[in-house]
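Colleague: If you read the sequences in order, they're chains S and X.
40 is the number of the first residue of the first sequence in my numbering; add one for each residue after it.
12 is the number of the first residue of the second sequence in my numbering; add one for each residue after it.
Be aware that a few hints might be false.
Think about it this way: if two alpha-carbon atoms lie no more than 25 Å apart in a straight line, the pair counts; the simulated PhoX-like pairs of lysine-lysine are [claimed, not checked]: (1) K68(X) to K28(X); (2) K22(X) to K144(S); (3) K144(S) to K28(X); (4) K144(S) to K100(S); (5) K88(S) to K100(S); (6) K88(S) to K110(S).
Pair ranges (Cβ atoms, derived) [claimed, not checked]: (7) S49(X) to E103(S): 23 to 33 Å; (8) P152(S) to R75(X): 43 to 53 Å; (9) T81(X) to S151(S): 40 to 50 Å; (10) Q94(X) to G67(S): 33 to 43 Å; (11) E105(S) to P19(X): 35 to 45 Å; (12) T81(X) to N47(S): 38 to 48 Å.
Take a look, some chain X residues computed to stay more than 12 Å from chain S by CB distance [unchecked claim]: (13) E25; (14) K26; (15) G27; (16) S38; (17) Q48; (18) S73; (19) F76; (20) S77; (21) G82; (22) S84; (23) V85; (24) Q91; (25) A104; (26) N110; (27) V123.
None of these hints come from the bench; they were simulated from the model.
Where is the CB? At the ideal position from N, CA and C, for every residue including glycine.
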Amino acid sequence: AQSVSQHNHHVILSEAASLELGCNYSYGGTVNLFWYVQYPGQHLQLLLKYFSGDPLVKGIKGFEAEFIKSKFSFNLRKPSVQWSDTAEYFCAVNIPGYSTLTFGKGTMLLVSP
Amino acid sequence: GAGVSQSPSNKVTEKGKDVELRCDPISGHTALYWYRQSLGQGLEFLIYFQGNSAPDKSGLPSDRFSAERTGGSVSTLTIQRTQQEDSAVYLCASSLSLNTIYFGEGSWLTVV
Numbered sequence: 040a041q042s043v044s045q046h047n048h049h050v051i052l053s054e055a056a057s058l059e060l061g062c063n064y065s066y067g068g069t070v071n072l073f074w075y076v077q078y079p080g081q082h083l084q085l086l087l088k089y090f091s092g093d094p095l096v097k098g099i100k101g102f103e104a105e106f107i108k109s110k111f112s113f114n115l116r117k118p119s120v121q122w123s124d125t126a127e128y129f130c131a132v133n134i135p136g137y138s139t140l141t142f143g144k145g146t147m148l149l150v151s152p
Numbered sequence: 012g013a014g015v016s017q018s019p020s021n022k023v024t025e026k027g028k029d030v031e032l033r034c035d036p037i038s039g040h041t042a043l044y045w046y047r048q049s050l051g052q053g054l055e056f057l058i059y060f061q062g063n064s065a066p067d068k069s070g071l072p073s074d075r076f077s078a079e080r081t082g083g084s085v086s087t088l089t090i091q092r093t094q095q096e097d098s099a100v101y102l103c104a105s106s107l108s109l110n111t112i113y114f115g116e117g118s119w120l121t122v123v
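All chains, please: the whole structure from these sequences, using the hints.
Modeller: Right, dumping it as structure tokens:
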């Protein structure tokens with residue numbers, strides 16, 4: 040069974056700091072990769088996704104993620120965070136041909152103004 | 012509706028009682044998913060529907076859990092003889108493809 044690891048359960052940053060959230064997965068074959076975000080009191084929504092092509096993926100709100108196949112990683116980055124980025128972030132993996140996502144345990148990001 | 016709708020949004024039930032959670036997916040979405048979100052545990056897959064059939068129900072934690080989908084639309088997740096460890100947020104999601112899965116706001120279940 041595949042697994043997804045998010046190394047940091049809680050991250051606290053000041054506004055304008057740079058962000059990098061780690062995500063590693065265990066499956067050795069081809070994967071589809073996702074980052075979802077859950078703002079306080081809201082539903083999960085898609086930030087960005089990688090299926091194929093350029094391993095550097097740009098998403099909404101200035102977020103980007105880089106797929107490094109050799110490291111089984113898909114880390115999320117943002118050069119300068121804002122208070123409104125306070126949320127829980129989930130990495131997810133799909134194996135092509137299967138219709139479900141496997142999620143990591145999430146990283147709670149708190150940005151102080 | 013515009014998004015995935017779930018009801019009830021909050022449910023408090025006594026241990027041993029049965030509960031039903033409802034999901035109304037986005038119109039036309041053929042795929043429907045149930046996940047469970049527990050504190051510190053992330054999202055745990057429960058069951059996946061394609062149309063009215065469930066090709067993957069591998070995540071249902073016990074035979075107390077069941078789900079059905081009728082008319083290719085509304086789905087109901089039923090938990091029989093609830094236990095305290097069933098307390099969690101139950102999330103429903105729907106999609107046309109894996110490109111974008113839309114989540115509902117969840118049903119928060121508390122078993123006392």
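Colleague: Could you run down the list of hints and mark each one as holding or not?
Modeller: Hint by hint, here is what the structure shows:
1. K68(X) to K28(X): Roughly 23 Å between the alpha carbons, so the hint for K68(X) and K28(X) holds.
2. K22(X) to K144(S): holds, 24 Å
3. K144(S) to K28(X): Violated, at roughly 29 Å.
4. K144(S) to K100(S): holds, 22 Å
5. K88(S) to K100(S): At roughly 14 Å apart (the allowed maximum being 25 Å), K100(S) and K88(S) satisfy the hint.
6. K88(S) to K110(S): holds, 18 Å
7. S49(X) to E103(S): 23 to 33 Å: holds, 30 Å
8. P152(S) to R75(X): 43 to 53 Å: holds, 45 Å
9. T81(X) to S151(S): 40 to 50 Å: The hint (40 to 50 Å, Cβ to Cβ) holds, given that T81(X) and S151(S) are roughly 48 Å apart.
10. Q94(X) to G67(S): 33 to 43 Å: The hint (33 to 43 Å, Cβ to Cβ) holds, given that Q94(X) and G67(S) are roughly 37 Å apart.
11. E105(S) to P19(X): 35 to 45 Å: 41 Å Cβ-Cβ, so the 35 to 45 Å window holds.
12. T81(X) to N47(S): 38 to 48 Å: Holds - the Cβ-Cβ distance for T81(X) and N47(S), about 42 Å, lies within 38 to 48 Å.
13. E25: Given a closest Cβ separation of 27 Å, the condition holds.
14. K26: holds, 26 Å
15. G27: Holds, since 30 Å exceeds 12 Å.
16. S38: holds, 17 Å
17. Q48: violated, 9 Å
18. S73: holds, 18 Å
19. F76: Given a closest Cβ separation of 16 Å, the condition holds.
20. S77: Holds, because the least Cβ-Cβ distance between S77(X) and chain S comes to about 18 Å, which exceeds 12 Å.
21. G82: Holds: least Cβ distance 20 Å, greater than 12 Å.
22. S84: holds, 18 Å
23. V85: holds, 18 Å
24. Q91: Non-interface label stands for Q91(X): nearest chain S Cβ at 24 Å, farther than 12 Å.
25. A104: A104(X) is in fact no farther than 12 Å from some Cβ atom of chain S, at 8 Å.
26. N110: Incorrect as stated: the minimum Cβ-Cβ distance to chain S is 7 Å, not above 12 Å.
27. V123: Since the minimum Cβ distance to chain S is about 23 Å, V123(X) lies beyond 12 Å and the statement holds.
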